[in-house]
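Bring the two chains, given one by one in their own frames, into a single complex with the hints.
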Amino acid sequence: MGNNQKNVIELEEVVVKFAGDSGDGMQLTGNQFSDASASFGNDLSTFPDYPSEIRAPQGTVAGVSGFQVHIGNKAVQTPGDLADVLIALNPAALKTNMKWVKPGATIIIDIDNFDNKHYKKAGYIEDPLHDNSLKGYTLIKAPITSLSRATVNSLELDIDHKTADKTRNQFVMGLLFWLFNRDVKKGEEFIVKKFAKKPDLVTINKAVLFAGYNYAETVEAIATQFNINPAKNRKGTFRQVTGNAATAWGLIAGTQKAGVKLFLGSYPITPATEILQELSLHKYLDVKTFQAEDEIAGICSAIGASFAGSLGVTTTSGPGLALKTEAAGLAVITELPLVIVDVQRGGPSTGLPTKTEQSDLMQAIYGRHGESPLPVIAASTPGNCFKFAFEAVRIALEHMTPVILLTDGYLANGTELWEIPNVDKLPEIIPPLVKDNDPDFQPYRRDPEKLNRFWAIPGQEGLQHRIGGLEKSDIYGAVSHDPFNHEVMSKYRAGKVQKIENYIPEQKIIGNPKGGELLIIGWGGTFGALNVAVTELREEGYDISLAHFNYIFPLPKNTKEVFSKFKKHLVCELNLGQFVDYLRSQHPEFSYQQYNKIQGLPFFIKELKNKFKKTLEEK
Amino acid sequence: MTQSQTKLTRADFQIDGQVKWCAGCGGYPILAAVQKALPETGVTKENVVFISGIGCSSRFPYYMKTYGFHTLHGRALPIASGLKISRPDLHVWVATGDGDSMAIGGNHFIHTIRRNINLNIMIFNNKIYGLTKGQYSPTTPLGSITKTSPHGTIENPFLPGELTIAAQGTFFARVVDKEPKGMESVFIDAAKHDGTSVIEILQNCVIFNNDIHEQIVAKDVRDDRMILLEHDKKMIFGKENDKGLILDGQEIKAVKIGENGITMDDILVHDKKTQNPNIHYMLARMTYPELPVAIGVIRSVDQPTYEAMLDEQVEHAKKNSKIKDLKGLLHSGNIFEIK
Numbered sequence: 163m164g165n166n167q168k169n170v171i172e173l174e175e176v177v178v179k180f181a182g183d184s185g186d187g188m189q190l191t192g193n194q195f196s197d198a199s200a201s202f203g204n205d206l207s208t209f210p211d212y213p214s215e216i217r218a219p220q221g222t223v224a225g226v227s228g229f230q231v232h233i234g235n236k237a238v239q240t241p242g243d244l245a246d247v248l249i250a251l252n253p254a255a256l257k258t259n260m261k262w263v264k265p266g267a268t269i270i271i272d273i274d275n276f277d278n279k280h281y282k283k284a285g286y287i288e289d290p291l292h293d294n295s296l297k298g299y300t301l302i303k304a305p306i307t308s309l310s311r312a313t314v315n316s317l318e319l320d321i322d323h324k325t326a327d328k329t330r331n332q333f334v335m336g337l338l339f340w341l342f343n344r345d346v347k348k349g350e351e352f353i354v355k356k357f358a359k360k361p362d363l364v365t366i367n368k369a370v371l372f373a374g375y376n377y378a379e380t381v382e383a384i385a386t387q388f389n390i391n392p393a394k395n396r397k398g399t400f401r402q403v404t405g406n407a408a409t410a411w412g413l414i415a416g417t418q419k420a421g422v423k424l425f426l427g428s429y430p431i432t433p434a435t436e437i438l439q440e441l442s443l444h445k446y447l448d449v450k451t452f453q454a455e456d457e458i459a460g461i462c463s464a465i466g467a468s469f470a471g472s473l474g475v476t477t478t479s480g481p482g483l484a485l486k487t488e489a490a491g492l493a494v495i496t497e498l499p500l501v502i503v504d505v506q507r508g509g510p511s512t513g514l515p516t517k518t519e520q521s522d523l524m525q526a527i528y529g530r531h532g533e534s535p536l537p538v539i540a541a542s543t544p545g546n547c548f549k550f551a552f553e554a555v556r557i558a559l560e561h562m563t564p565v566i567l568l569t570d571g572y573l574a575n576g577t578e579l580w581e582i583p584n585v586d587k588l589p590e591i592i593p594p595l596v597k598d599n600d601p602d603f604q605p606y607r608r609d610p611e612k613l614n615r616f617w618a619i620p621g622q623e624g625l626q627h628r629i630g631g632l633e634k635s636d637i638y639g640a641v642s643h644d645p646f647n648h649e650v651m652s653k654y655r656a657g658k659v660q661k662i663e664n665y666i667p668e669q670k671i672i673g674n675p676k677g678g679e680l681l682i683i684g685w686g687g688t689f690g691a692l693n694v695a696v697t698e699l700r701e702e703g704y705d706i707s708l709a710h711f712n713y714i715f716p717l718p719k720n721t722k723e724v725f726s727k728f729k730k731h732l733v734c735e736l737n738l739g740q741f742v743d744y745l746r747s748q749h750p751e752f753s754y755q756q757y758n759k760i761q762g763l764p765f766f767i768k769e770l771k772n773k774f775k776k777t778l779e780e781k
Numbered sequence: 591m592t593q594s595q596t597k598l599t600r601a602d603f604q605i606d607g608q609v610k611w612c613a614g615c616g617g618y619p620i621l622a623a624v625q626k627a628l629p630e631t632g633v634t635k636e637n638v639v640f641i642s643g644i645g646c647s648s649r650f651p652y653y654m655k656t657y658g659f660h661t662l663h664g665r666a667l668p669i670a671s672g673l674k675i676s677r678p679d680l681h682v683w684v685a686t687g688d689g690d691s692m693a694i695g696g697n698h699f700i701h702t703i704r705r706n707i708n709l710n711i712m713i714f715n716n717k718i719y720g721l722t723k724g725q726y727s728p729t730t731p732l733g734s735i736t737k738t739s740p741h742g743t744i745e746n747p748f749l750p751g752e753l754t755i756a757a758q759g760t761f762f763a764r765v766v767d768k769e770p771k772g773m774e775s776v777f778i779d780a781a782k783h784d785g786t787s788v789i790e791i792l793q794n795c796v797i798f799n800n801d802i803h804e805q806i807v808a809k810d811v812r813d814d815r816m817i818l819l820e821h822d823k824k825m826i827f828g829k830e831n832d833k834g835l836i837l838d839g840q841e842i843k844a845v846k847i848g849e850n851g852i853t854m855d856d857i858l859v860h861d862k863k864t865q866n867p868n869i870h871y872m873l874a875r876m877t878y879p880e881l882p883v884a885i886g887v888i889r890s891v892d893q894p895t896y897e898a899m900l901d902e903q904v905e906h907a908k909k910n911s912k913i914k915d916l917k918g919l920l921h922s923g924n925i926f927e928i929k
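Chains as they are written, first to last, in the working numbering: chain A, 163 to 781; chain B, 591 to 929.
These are computed hints drawn from the structure, not numbers from a lab. Hints may be right or wrong, so weigh each one.
Facing chain A, a subset of chain B residues (Cβ under 10 Å, in silico) [claimed, not checked]:
#  : residue
1  : T596
2  : T599
3  : P619
4  : A622
5  : S648
6  : G658
7  : L680
8  : V811
9  : R875
10 : M876
11 : T877
12 : P879
13 : E880
14 : L881
15 : L920
16 : I925
With a Cα cut of at most 25 Å, we get these calculated BS3-like pairs of lysine-lysine [stated by the list, open to error]:
#  : chain 1 : residue 1 : chain 2 : residue 2
17 : A       : K419      : B       : K917
18 : B       : K771      : B       : K829
19 : A       : K360      : B       : K912
20 : B       : K737      : B       : K771
21 : A       : K423      : B       : K909
22 : A       : K423      : B       : K635
23 : A       : K356      : B       : K771
Note that the Cβ used here is the ideal one computed from N, Cα and C, for glycine as well.
Isolated chain B (complex conformation) (with noise of 0.2 Å):
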């Protein structure tokens, strides 16, 4: 892929225009996030593609001063798909929400994922439907009182990082709205990961589902139910990064560090690149009260991507073939020759 020869900065990709979420929304953050971390990847103006479906986060591309296509609900990952495929020199982002990657569009996220398709997929997940005003979305709690769920939601919600790991997953983040550092670092990584990349934003939806997420990130109480991971590090959280995680038979467990007879010895170390998908999984799936919500890059491993191996098989083709071009095409098999 071709690289930037001069840096560039966040104003390179800013558009001159209005920005028009709502004052407060989340995606004003994960905006800023985005338009910083891009120079940090070597990428060129020309070079960035940003596809997204219909919903509040889908409005991403025309905030972008770079190529851009705002599609239909739920079908952005099948055209930046295409586009990735024909074109694998672009550099293509995908931004959604919650309903229009998981509802509207879970098959072709499931099969996105399978393929390993080079794509760098940000799921703005608000729990609800913004743009239609506040109706349940596939990823709101159960029990949850919305528009459409007056006496409760009787479904249970997806995790996105669970269905993304079942699926075959190479590359899952989460991160919060709130923590521009933290986005900037795992859009970094997304970027550079080759495959197809999965970042969870736990986002604020300041008008129809406002503090849905505030019950973990909240300043007060954020260090004792988050943990960050990061690669070949200790699983530690906690105000006084006293707390950490051990497996305990086949389960996760939250501990106390020096109490029951835990050192620091038990705790787990995070290894994103390892192929078995089992501890990345349950570690995606950790929830609150129960576990502390895990931050940060889970899964990052290498595989051949989809495009990557298409094109060794167009080149391969091209090599061995008899056939050379379209005449030798249609004069293949039997010909007759009438005189």
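Pulled out of the complex, with its shape left as it was, chain A reads as follows (with noise of 0.2 Å):
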């Protein structure tokens, strides 16, 4: 690594932050260093921060986009509490994350933007560089820009103001990547993908990475350099994947492997939107994607698709959902297969649309008119939205019913080091077909085991018959308003539902399977913090352990045995304590503590230590 006669020290893992405007790549700059460090055999995590305003005013509080990429040499499940190298390219990027970084971290800002007019718009009273409030911090000041700019002018080529300036953060880029010791070509690589039908962008690009990687090089404010070793005991085909890419793909998978055509009837929201435009992408595959006029819509025209043959899909968020309700309970008297993802956000109404929260389990459980019981199940990892995605296909395809899958905005848009799974091996789904003509077909005839009716599908002969939302009689599935039929139908649809616990796995314990002081419980996207939390403490000594749901409703048969076989049991979520709410309904003979965030964060693995450790010295 050239000229080398700085400092390495070795480090297990990194966090980088990267911010600056919404319009200046943070995002771009972010997935070229995780993709660099993923080649290198690293472990990583990544999450995006971004405001719900598009372009903001620049250079103010309001416009403030970040970054972070976690890497480290062994597992990595979390983005990283606080970052250990912030990079910020204005003042206002460096006032907004500077309660982000750890004390002593490595700061580097572009000087160029360290002026009276841009700490006005940052909303800077002192000069954060004389004001002692960088102490202790080691800051780099380079002058990104102005460095970038004369990179590129040297070049002369034809390039605007604005194009030079887009460089900058190649600049950034060749930086970090001398700073952690990685190969500069991964980075070249990735600017010749990224530009491949730009010529001169490859080259101004190109050349301001290595202008970047040389001034780290070269000059003496940046004394050390860091290694992170390659990932040990991972193996395999990696890539990374975020969580709603790995939505979209694993509908695609459970479609196939059930052998039939994936629909989706969707509206745009915000985190959810991804899955609309992946899947849009792959028609190829048999893919039909339907943007309609509104959620409703959206959801209804899935319910169509579904009573035709196909699966249909309908993809949103927490207000969407809400509007949505109605026709769910429509899947649900009809008992048509239909997959409805939720990728939760910070509520109620519009709330914090670009930011995470658990907030909408009551709603997926409960949020409907009647008796209208339907399965939840929850991804806990960007990567296994894949897997959930499949089992909510395998569910309401084999169980003929809607089924919520609950994702959130933290794994929608976060990312992790993912493998591949191999697809030739993943279960086949077989839903309850007809046979044309089949002389035993009724509408509401009803398999023994799992209680779900049939799916006969329009074009099949002699199978013809009417559903809808009005109550049906048993078997024969007639518009029926008697008083005892309706109990046995709401009690056949409830008692369909919780079948559906013979058919999903128990639930594991992390940590000591055979119980303990303290078990530490949650559900969906906060697994990589509790999981991380939990098992730092258990190295330490502590005697505590997780249980982390995914399947929501109904629960794992084993539920009460896990919960048996400890003393105390915490319920953490990013809500007011829903989860733990519903728990208490199902599970009432024991007696829950909870903690909760409603910050529109994920949990910091630090503050759930303090608070299990402070759990588990209570009396």
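What follows is the structure in structure tokens.
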């Protein structure tokens, strides 16, 4: 690695935060860095942090966009609490992110933007470089803008100012490649791929990448290089994946394994839109997407497609789920397969659309009129959105029911290094189809074990039948207002969903399967943070275990048994206590404690460990 | 689409059970006309699907011996859309009312039409909410006294044809529930039209809005107050076929042939196939007493359907995609082999 006379410090892991204006390409820079780290063999997790405004005024706090990358030589399960390295392209980015960096962190700023004009825009009263607020940090004042411009100008191409300034992120990248002892060729490859059709952009971005790298190597202000070795015990074929992409691919995988076509009816909504965008790219896999005129039309078109023999799917976030509830009830009473994906965000109402939360749980389990049970499952990492999307398809088709799959903004936009599954080894999904002209077919005749009805599809000969929102008679499916029949049918619908517990895996305990002092209970997207906190405390000798739930309704059959092995139960979730209330109603024999956070942010490992230690100490 | 091998009859579409509309309801002749028209369209029984929303009209699927789906208030069209887009081989009919399609389902109505999805939409327009027992609907005439407008309505009604054509509809027809032959022939035309067909049926509600259309459709006045539009034929009407429509400046005007120097040559010829919607729009908007109400197929133009264009995209993607299967998709982009 060139002229290497500087210190090299070996690290197990590092968290890097990129922050600048929304238009500065922070996400691209973060992806480039994480790709280079992945190809080096590090494990990683990333998370973007962006405002709901697309381009808020430049240089202001409202316009700051960020991207956090956590890399390590062991399993990395969260994007990290606080950053070891912060790159702040302007004072607003520094101001917004100072509370998210570790004491003593390395802070790289673009000194060209640290002037009175920018301080004013960022709302600084004092010059932060001279008010002692950065004391104790390693501050690298790099002239990123001026050196990037100078590099581009020296090439004597016909490049305008604006385009030249867009290369600044490559300067940062070069600097980081040097700082983290990375092969700069990987950065070059990324640029060549990214700007494949624009040779001028390849030239200038490459030049600026090297300028950043050489600057770091040369300048005395940067005295230390860091080295993070490749992750051990991790072999296979990996890729980065966001939760939304993994969800889209899991839906495709599930429908392929079932031999049915995938139909997505959806309306764009943050942070779920990327699932619709992703699926609209894959028509060659017989996927049809329909961007409906509203949330209701989204779910209704999906129901129509399911009636006609496809698997209808609709994707949304909290406000959209609210609009879809009446139609979800129709899918419940007509007992059609349907997958509803709710990528949760901060609510109520428009709330915090770009921030994460777990506050749609009650809406998912109970948020419909009438007795309207449907299964609810939740993904817990960006990568396993694939697995649980597949599971949602399986449950919907094999049990003839709408299913809600909960993910959240944190999973949806975050990435992890994901081991690509072998699609040939995924289990088959077998929908309860009917043969043409089957004399025994009746619309509401049921499978005696699962209690599902059977799926006769328009176009099939001799199976013409009518379904609808009005209550139907048992077996024959005629419109029925008979009071006893309604009770029978209501119980069938509830029983069918409850019986799914026989077709899902048992709840696992991470830690001591025999039990112990404290059981941490979580669900969905908080898995990474809870798992790291529990694992670290166990390594420190604490008697603590984790039960993290993916199957919410119905709960795994051994839930009570799992809980009964522990003295204390602490339910942690990003809301005011929805899962804990649900558990109190399902398994009231335990006295649950709760730990809740509702800031639009994920759990931090540090705060979890503090809380867990305190809970262990309490008598 | 699949065509029937043996000729079907009305009985093939009749249910064994009871039809439960009020005695004298306009629903009965509509149902009969649909059951008679379907065999003429060459469909097979199992390839026909009836979708409906909520309201008296929306009980329709229960009375057809086909696949059927009685859905949610206002939502028949998005459900039918998803069904048709995923299965273009099926013949999809929608039964809806003036409340179901124009009020709670108004948004879906315009969007379905502009997409030109091949659905046959029958709007049972009785200008009242029947199933909830007599409140005004979006097509109720201004000033009408109903249960929720005891002092008269103070909102302008929609004309379904006006809305259809404004939403870039490719097929609009108007029929009367009292005229079985007219309904049958229009239903056959609608079924044959490749695109969204909207059929407004002037339907009587015996209980809550009896005789609402009588001033136009009553036997003794109908010839002078309605005009049956036929493609490529002169727009003439009247008991003696002595009246016609002309274009006077930018307005359609009803005239008497032989008076004021008007001859047959001045009378407009109906062209349902012209892409330009302007005349169709004017014809759809004609209301009594200023003008006769237009009956028959007002507009029927060829335009590509949503589902055909989507299927084209799917086929194109299958042929041209570099990635061929799910495995290829998962392994596309930056892959890291870690050994």
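| request: May I ask which of the numbered hints given earlier this structure violates, with the numbers listed in increasing order? | output: 1, 2, 3, 4, 8, 9, 10, 11, 12, 13, 14, 20, 23
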